[in-house]
Every structure is written in structure tokens, then in C-alpha cells.
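Trainee: Read off the chains here:
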Amino acid sequence: ETGVTQSPTHLIKTRGQQVTLRCSSQSGHNTVSWYQQALGQGPQFIFQYYREEENGRGNFPPRFSGLQFPNYSSELNVNALELDDSALYLCASSAPGQGKNEQFFGPGTRLTVL
Amino acid sequence: KQEVTQIPAALSVPEGENLVLNCSFTDSAIYNLQWFRQDPGKGLTSLLLIQSSQREQTSGRLNASLDKSSGRSTLYIAASQPGDSATYLCAVKRNNNDMRFGAGTRLTVKP
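Heads up: the sequence lines are chains A and B, in that order. Here the first sequence is numbered in this note's numbering, starting from 1 and rising by one per residue. Here the second sequence is numbered in this note's numbering, starting from 1001 and rising by one per residue.
Keep in mind that the hints were calculated from the coordinates and are not lab data. The structure presented is a predicted model; accordingly, all values stated were derived computationally and were not measured.
Interface residues of chain A toward chain B, partial, derived using beta-carbon atoms under 10 Å:
(1) Tyr35
(2) Arg57
(3) Gly58
(4) Ala92
Here are some chain A residues pointing at chain B (derived, C-beta under 10 Å):
(5) Val4
(6) Gln6
(7) Thr31
(8) Gln44
(9) Phe45
(10) Gln48
(11) Tyr50
(12) Asn55
(13) Leu88
(14) Leu90
(15) Asn101
(16) Glu102
(17) Gln103
(18) Pro107
(19) Arg110
A virtual CB, placed ideally from N, CA and C, is assigned to each residue, including glycine.
With these hints in hand, go ahead and build the complete structure from the sequences.
Mentor: Written out as C-alpha cells, the structure reads:
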């Protein structure tokens, strides 16, 4: 069984740029959630995708957007990057439709905005 | 609005000690509660998941309890080992798919 994978591992961008982060869900999981974790804090929920549609969103502005593909992999896009966007971005997959609500996390992408 | 608090923020214990980590939440209308472990700069490893209808879950040296009415969960670690050193996070899931995390407890187990 393949776990959750994320790419890239690290990324450095400058203010105003755009970034795309990628996530491949665990085999058999159809739901992907994205989280932002600032240093020393717990992760904050950005949004969740199920069957290629957004299925819940946290308190993040519209410049945070996402996609889910037919193979259940997902992208997180952030436009007009700000310094405060520097964080560890985590994705998690689950299969709630199969009664499997446990979320499994990937290793994260460390984004630094200069 | 769901708030999740973890106490203590940091804990240092000698190897072999039994310990309890605490998690409290303000809204008892939760779907489930999950405990995670996070090593520095890494992703989260799921430890235990407790459904809202359950009272506790056990895995090896770990035992997690849930008291929805009082908004509390505890993670009990028996016979702690240096390899248990990490940050432990609890998270509660509401029906709208929003999972709220505490800030974590940073555990250090000294040999």
C-alpha cells in the first residue's frame, strides 16, 4: 500500500509569485485535505476535496485554491504569495465513504516566501 | 467556534516513566478525535482515532480516552522511551470536514 506523497519537499519563492504544490493520496483513498502549519503551531485546515470538488473550506482567502484529479491526486495553488504564507503545507488522505475517517498525512512541503 | 487546547506545551521526563498528555475542546459536537505524532520538520503520523461514540482506543503502549461531555481527551504513554520524543497533536473533526488541531505537546524522554 502506497502512502501519501507530496512534492516538492522544499520550495523558495518571492512575494507576489504563484506556487503549486502536489499531493498523491494513499491507495484507495478518494478524499484529500490540505493544511497549513506555521512554525510552532498546529496545522490549520485549508480545504478538502472529494470526487474532484471542494468539500469544505477553512478560513483562507480565495488566493488559496485547489484541484483534485480523477486519480484522486490533488494540487494546492497559492497566488500572490505573502511572507506569512511561509509554512509547512501538509496534505492528508482518507476514505470516509468506506467508513475510513482516519486521516493519513504526507511528509509536507516546506514553503519559504522571501 | 471549535477551540482545541493541549496542556502542557512541553514535557520532559526520564525514560521509563508513564505520562499523560491532555487535550481539551470547546464544542462537544465532534465526529471523531485523532492523536498524531510529529517529528521535527516532518509530516504527521496517526497514532489513534477515537470515534465520537467510543470512549477509548489502545495501541501498544498508547491509550487514548475521550470524554465528549467534558470536552476532554487524554493520551497515556506507558513506559516512555527516548524514541517517543516528538510533538504530539490532537485534532477534532466536525461533520463539515473541518479538522481542528491543538498546538501540540513537545515531549522529550531523557535516557
